[in-house]
Structure formats: C-alpha cells, structure tokens
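K.L.:
Produce the entire structure from the sequences given, and follow the hints as far as they go.
So the sequence shown is numbered by the numbering used here: it starts at 92 and just counts up by one.
In short, the hints are calculated from the structure, not lab data. Misleading hints may appear alongside valid ones.
Stated by the list, open to error - Straight-line distance between alpha carbons at most 30 Å, and here's what the computed DSS-like set of lysine-lysine pairs gives:
no., residue 1, residue 2
1, K157, K122
2, K153, K238
3, K255, K139
4, K122, K153
5, K153, K139
6, K157, K267
7, K139, K267
8, K267, K238
9, K238, K158
10, K255, K238
11, K139, K238
12, K134, K183
13, K266, K194
14, K214, K255
15, K214, K139
16, K158, K177
17, K122, K194
18, K255, K194
19, K194, K134
20, K157, K139
21, K153, K177
22, K177, K255
23, K122, K266
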Amino acid sequence: MLKRFLNILLVVVFFSASAFNVQESPQGEVKWYTIEEVEALMKQEPRKIYIDVYTDWCGWCKVMDKKTFTHQETARRLNTDFYAVKLDAEGKEDITFRGHTFKFVNQGRNGYHELAAALLQGKLSYPTSVLLDENMNVIQPLAGYLKPEQLNPILEFIGEDIYKDQSWESFVASKK
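P.N.:
So, in structure tokens, the structure goes:
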C-alpha cells in the first residue's frame, strides 16, 4: 500500500513539476500610437514607422496580435527603433497624414480607408506591415502574416539602417 502511494505521489510530483516548467517565449508589449501622435513625436525624435494594417474580421491579423506582437524581441525592436501604429483598413474616421486628410470609402461590402489604400499601393491585403523611413516615406509594404522569427530580422535590417548599405539577400546570408 505504501509503495503504491509513493508511486502515485512520484507521478503527481513529476507532472506537477513539468506543468510549471513549460517554456514559452517571454512576453512583450508594443506601445501603439495613432498616426497623428506619430507625426507630433517625429518632430521631437524622428524614428522609422511600423504600421500594422489590419481589419476586424482578419483572422491572421488576430494571430499576429497574439503571437507576433507579444514576442519580447519583436516588442523591444518596435518600441526602440520604430513608432508602431495600428491602422484599421476599414476605419471610418478621417485621418490627417502629411497634410492630407484621408477618408473612409464606402464601397463594396466593407469599404476601405484611403490611407490604407495609399500605403498598400492599392493592393489591399491583410495583415500588411508597412515600414516608413524617418521622412515618412514608404520603404516597403510586407503583405501577410509574419511570425516573430520572420519579422525580427526585417525590423533589424530596416531599424538599424542596414538596408541602406546591404542587400536583403546578403544580410540574410550573413545571419546563417
């Protein structure tokens, strides 16, 4: 009886210890701004801008919120090297950016926001990450879901100005 109790206790202790030993990536939190806030901040401290273009109905956008933007390294890079903006591609409010007012266009089932269309060069796809330089010019829109291990090298490449002197291909090759 005692032997059986000790065996059960050993199993319970093993599984309890395993449950507390689950290794997950450390959590981070991105500081999100509006585009108007970023324009004001750029006057004091210019940085590159990362814009997450999303919609409320986009499943992959939600996955990116939950898995990518909570990753500690991703959040650190976005908070340090960029101003991060969330832009609802179907948002109804007017947005003034670079002296131009962008509006919602009621077209089709959901419509779209003119700023999203401008940033995505008319190719509305969600999620899309748009990277802008310190002068608020588009460097690159990146359509599709990006895992942290995909986004982090891009943030390093752009955020540290490596893209100005090196091709993406040679940058990736140097990381191997």
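K.L.:
With a cut-off of 30 Å on the C-alpha distance, tell me whether K255 and K194 pass.
P.N.:
33 Å, violated
K.L.:
Going straight from one Cα to the other, do K255 and K238 come out at no more than 30 Å?
P.N.:
24 Å, holds
K.L.:
Would the hint linking K153 and K177 be met if the CA-CA limit is 30 Å?
P.N.:
Holds. K153 to K177 sits at ~12 Å (cutoff 30 Å).
K.L.:
Holds or violated: are the alpha carbons of K266 and K194 at most 30 Å from each other?
P.N.:
With Cα atoms ~42 Å apart, K266 and K194 exceed 30 Å; violated.
K.L.:
What's the verdict on K122 and K153, does the C-alpha distance respect the 30 Å limit or exceed it?
P.N.:
17 Å, holds
K.L.:
If you draw a straight line from the CA of K153 to the CA of K139, is it 30 Å or shorter?
P.N.:
Holds, at roughly 24 Å.
K.L.:
Regarding the pair K158 and K177, is the alpha-carbon distance no greater than 30 Å?
P.N.:
16 Å, holds
K.L.:
Can the restraint linking K255 and K139 be considered satisfied, given a maximum Cα separation of 30 Å?
P.N.:
13 Å, holds
K.L.:
Hint check: K157 vs K122, CA-CA at most 30 Å. Holds or violated?
P.N.:
14 Å, holds
K.L.:
For the pair supplied as a hint, K267 and K238, confirm whether the alpha-carbon distance does not exceed 30 Å.
P.N.:
Holds: K267 and K238 sit about 18 Å apart, inside 30 Å.
K.L.:
Compare the distance between the alpha carbons of K238 and K158 with 30 Å, and conclude whether the hinted pair is satisfied.
P.N.:
Since the Cα atoms of K238 and K158 sit roughly 7 Å apart, the hinted pair holds (cutoff 30 Å).
K.L.:
Taking only the CA atoms, is the gap from K122 to K194 under or equal to 30 Å?
P.N.:
Roughly 25 Å between the alpha carbons, so the hint for K122 and K194 holds.
Checked against the numbered hints listed earlier, the structure breaks hints 13 and 18; every other hint is satisfied.
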